[in-house]
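Trainee: Residue numbers (the working numbering), protein chains in the order written: chain A, 1 to 469; chain B, 1 to 465.
Rather than coming from a laboratory, the hints here were simulated on the basis of the structure.
Glycine included, C-beta positions come from ideal geometry on N, C-alpha and C.
Careful, some of the hints might be misleading.
[To be verified] Derived, one-sided and incomplete: chain B residues facing chain A with beta-carbon distance under 10 Å:
#: 1; residue: 44
#: 2; residue: 306
#: 3; residue: 320
#: 4; residue: 350
#: 5; residue: 383
[Claimed, not checked] Part of the chain B face toward chain A, derived, beta carbon under 10 Å:
#: 6; residue: 30
#: 7; residue: 33
#: 8; residue: 37
#: 9; residue: 40
#: 10; residue: 41
#: 11; residue: 42
#: 12; residue: 298
#: 13; residue: 301
#: 14; residue: 312
#: 15; residue: 316
#: 16; residue: 323
#: 17; residue: 348
#: 18; residue: 349
#: 19; residue: 377
#: 20; residue: 398
#: 21; residue: 407
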Amino acid sequence: MAEAPAILKVAVVGHTNTGKTSLLRTLTRDGFFGKVADSPGTTRHVEGSRLLAEGRPVLELFDTPGMEDGIALLEYLERLQQPGERLDGPARIQRFLDGPQAHGRFEQEARVLRKLLECDAALYVIDARDPVLGKHRDELAILAGCGRPLLPVLNFVRRPPHRAAEWREAMSRLGLHAQVEFDTVAPALDGEQQLYSKLGMLLDRHQRTLAALMADLAAQRQARREAAGRLVADMLIDIAALRLPVRSGEDERAAVESLRGQARRREQQCVDALLALYRFRHEDYAAEPLPLDGGRWGMDLFHPQALKDMGISLGKGMVAGAMAGATLDAFTAGLSLGTATLLGAAAGGLWQGADRLGQRVLGRIRGWRELTVDDAVLRLLALRQQALMHALERRGHAARDPMRPQPPADEALRKGPLPEALSEARSQPSWSTLSEHYADSPRREAVARALAERLLADPPDARAGADAR
Amino acid sequence: MPPAAAPDALAAHWLAETVRLREAHWGPLEDADAVRQALRHGGSFEDRVLARARVLGAREGLPATLRRWRHAALATLAVLGLAAVLAGAGAATAALGDGSRPTNVLWALGTLLGLHLLTLLLWLASFLLGSSEGSWLGQAWLWLTRRLARGPDAALAPQALTALLARNGSLRWLLGGISHAWWLIALLTALLTLLVVLSTRRYGFAWETTLLQPETFVSLAHVVGWLPAHFGFPVPDAATVRASDGMHALPPGARAAWSGWLIGALVIYGVAPRLLAWLFCASRARRGLRRLRIDPSLPGHANLRERLAPSVERLGIDAPDDQAYTPRLAGAGHAVAGSTAVLAGIELPADISWPPFSVAEGIHCPAVLDTREQRKALLDALSQHPPARLLLACDAGQTPDRGTLALIVELASLAGRTGIWLVRGASGPDRAQQWRERLAAAGLATAPVMTGTDDAARWLEHGDG
């Protein structure tokens, strides 16, 4: 086996208030790292975080305080050099670090430079909205003096107006030709990959480490996607299969309320799990008490307006009122199996639930009816969670405004026939984990898998819609 | 993989799946200690999930539940096996009858093989229909065990087992194997019974019909006997078949031929296919059990990833924060005679035109300060001719940093009065409040801070805001 690649150390440096801590938060998917605020000097020390690929540490990132006094420091550094003496960059920096000012006026800058000398490279974070000034050039001259490769990272490029072109030009004039755009709040889906591959070009020796890291990140991303799809699919099947019996003579309204309550709680459970999966906090989404009441996006699941907002046409039964979102059926599920299902059951699975089938037949004879959640509500749930998944994937951990996912343009889900998986779940009351007769079956597993894939398949128009905003 | 590893792996995965389902149904278990132990255990993410489940399961008493269920399942298997023996012996004796009258060969064949062939065909058809439920008998085994194993979490054990095996694809092979084993036992018992009874008692064989021709039976006996004949089983010849209409006395050779024919049919159409199917199912199930995996995308596992196999570790800070250096203006400027005024722009972006308004004659207005040299030039000029009023134009869109504030402080110390004009960054964020705070901290709390162009121009010319 080849020797284990060394851990790559990278310092994140830059002018004050350009989003260095934000970059670290987004790259480490850790929304609690350091302190972030729109003011200078928020970070006053060096703080590190380490990325692992397959359990092995591969990359150490160090957040540093902002450079604030570049012009004065460069002047001071030049004075440190005796006339007639030739000092190279790192030697000059070392002399500064050993001197008195490293603990005085330039204490913050000294911390940055000390860390940079220990690292293999630096990411120079730029707020692309700032103009290119002399102080930035002096700062870069000092940083370049450390003799480490610098990769300029243009932050805040997703929000015009910005001066990214101006910065690119200026960086090229300073000899920094490898540059990368990375918005810490709304990073591009392949933003991390771009950043690390550019870094790999500067660090030939560590290219293998970075390749391993990128492969691991891609695998993690895919795993997260699949897990998210499963969470939503399971939730939809649970709610689609949910049936509440209404015994003859019983008040329907109480049953409707119970049905709604169960559906709402199940959706909230799914939202919580999604947030945890993507390592976001409740505040990232729950600022408006979501998704159960209040607010626009947070509109109640059973409010007709919530359906209209998602562009779902209302069925004739779907009106505001006591029965909104629920459908009363004769007791037929399980008796109205499709032919294929029936044949399959005959070939194997009639044993399972045969006793329950008897109960159902009995219920039908007694004239019981049962409540199910409306198709329109299922569509709303599917669209809403799809939107949330979409938004979570594209959100940086530096973002501080709560998310407002846009409804995806999944016309098929909105208007077409209900996905097959959900229609099948409708006829299988025992598939709902909310039911006391819940029984897992291999078929449920297969259906959940298929539904998850359907939800993750991004129709092309959905992507276009997301980029347009 | 050593042979002993397969059952251990099954037990470990079964337990992990039980824990997963339990957490999915009744909410997460308190697992701080289990996670710590799993992290200490090391290995891949899958190993850690298994280790965590082992700790949690032991705490919750799940292995006992699983053991109970396993015992119940074995007991059910034993009962089913006994039933198979009884069914086989019963079928064989029923097929031959009591010997008081000749055995109807077709009925005997149907009794011995009918149900078996029907269920075998249905099992084969389940492949075509894509149903993965397994077989009736296998399901019956599960159902009976469920009835037998009661107690807390009893329902979880079979649920976890079926979910685990179904994901792995080996459930149908396991249930199919049980079903085929049942039939194999029943058919072998029938065969044994047939051999014993036919060896020790005398039976006559006959066909009966009201509707069909004798020739039909001749060809039927040949068709049925064709395959067994390849394996050395006798087939009654045409004359014997024609003679076996129940009206003629049969020679002893004919009885032997008929019983050989019946035994051959039972072996070749009964025992052999079931044996092959059982071997096939058993080998597939074995292979499946060796390939048990933790699926990291399952709800319940996905959320464990960051805790069991963290992708990020914090490294801590280099040193605690020090008192930050803040440039500070000593004193409040000094009196300067005259009414000279200077307008200076500090680090303004190039897209703000400079000067921004027509400056009255006599007011000095150097280029926007950006580089060290420009700073130095203005400082030199001011120290030679201190102005009475110094107006500094700053970009409110930028972040006020220490370097800029140090420059402002240095400039202000050279002038009589200093005013700050925050040029609205027409683009970008507005950080005017931060400027005010930082200016106040730098000792410029009394300096007028203006935001309007008119205010700034008036202050510059007349000294009032």
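Trainee: Do the numbers back the hint for residue 33 of chain B, that is, is its least Cβ distance to chain A under 10 Å?
Mentor: Hint violated; residue 33 of chain B Cβ to chain A Cβ min 20 Å, cut 10 Å.
Trainee: If you take the shortest Cβ to Cβ gap from residue 298 of chain B to chain A, is it below 10 Å?
Mentor: At about 7 Å, which falls below the 10 Å cut-off, the nearest Cβ of chain A leaves the hint on residue 298 of chain B intact, so it holds.
Trainee: Quick check on the hint: residue 377 of chain B CB to chain A CB, less than 10 Å?
Mentor: Violated, because the Cβ-Cβ distance from residue 377 of chain B to chain A comes to roughly 13 Å (cut-off 10 Å).
Trainee: If you take the shortest Cβ to Cβ gap from residue 41 of chain B to chain A, is it below 10 Å?
Mentor: It is violated, given that the least Cβ distance between residue 41 of chain B and chain A is near 12 Å, above 10 Å.
Trainee: Please verify that hint: residue 350 of chain B, Cβ, nearest Cβ of chain A, below 10 Å or not.
Mentor: Given a least distance of 7 Å, the restraint on residue 350 of chain B holds.
Trainee: Checking hints one by one. Is residue 306 of chain B an interface residue toward chain A, by the C-beta closer than 10 Å rule?
Mentor: 6 Å, holds
Trainee: Under 10 Å is the threshold here; is the Cβ of residue 348 of chain B close enough to any Cβ of chain A for the hint to stand?
Mentor: 8 Å, holds
Trainee: Does residue 398 of chain B pass the interface check with chain A, least Cβ-Cβ distance below 10 Å?
Mentor: 6 Å, holds
Trainee: Quick one, is the residue 383 of chain B hint okay against chain A at 10 Å, beta carbons?
Mentor: 17 Å, violated
Trainee: Hey, does the residue 301 of chain B contact hint survive, CB to chain A under 10 Å?
Mentor: Where the cut-off is 10 Å and the nearest Cβ of chain A is about 8 Å from residue 301 of chain B, the hint holds.
Trainee: Close enough to count: is the Cβ of residue 30 of chain B nearer than 10 Å to one in chain A?
Mentor: Because about 16 Å separates residue 30 of chain B from the closest Cβ in chain A, which is outside the 10 Å limit, the hint is violated.
Trainee: Does the interface hint hold: is residue 349 of chain B within less than 10 Å of chain A, judged Cβ to Cβ?
Mentor: 4 Å, holds
The structure fails hints 5, 6, 7, 8, 9, 10 and 19 (numbered hints given earlier, in ascending order).
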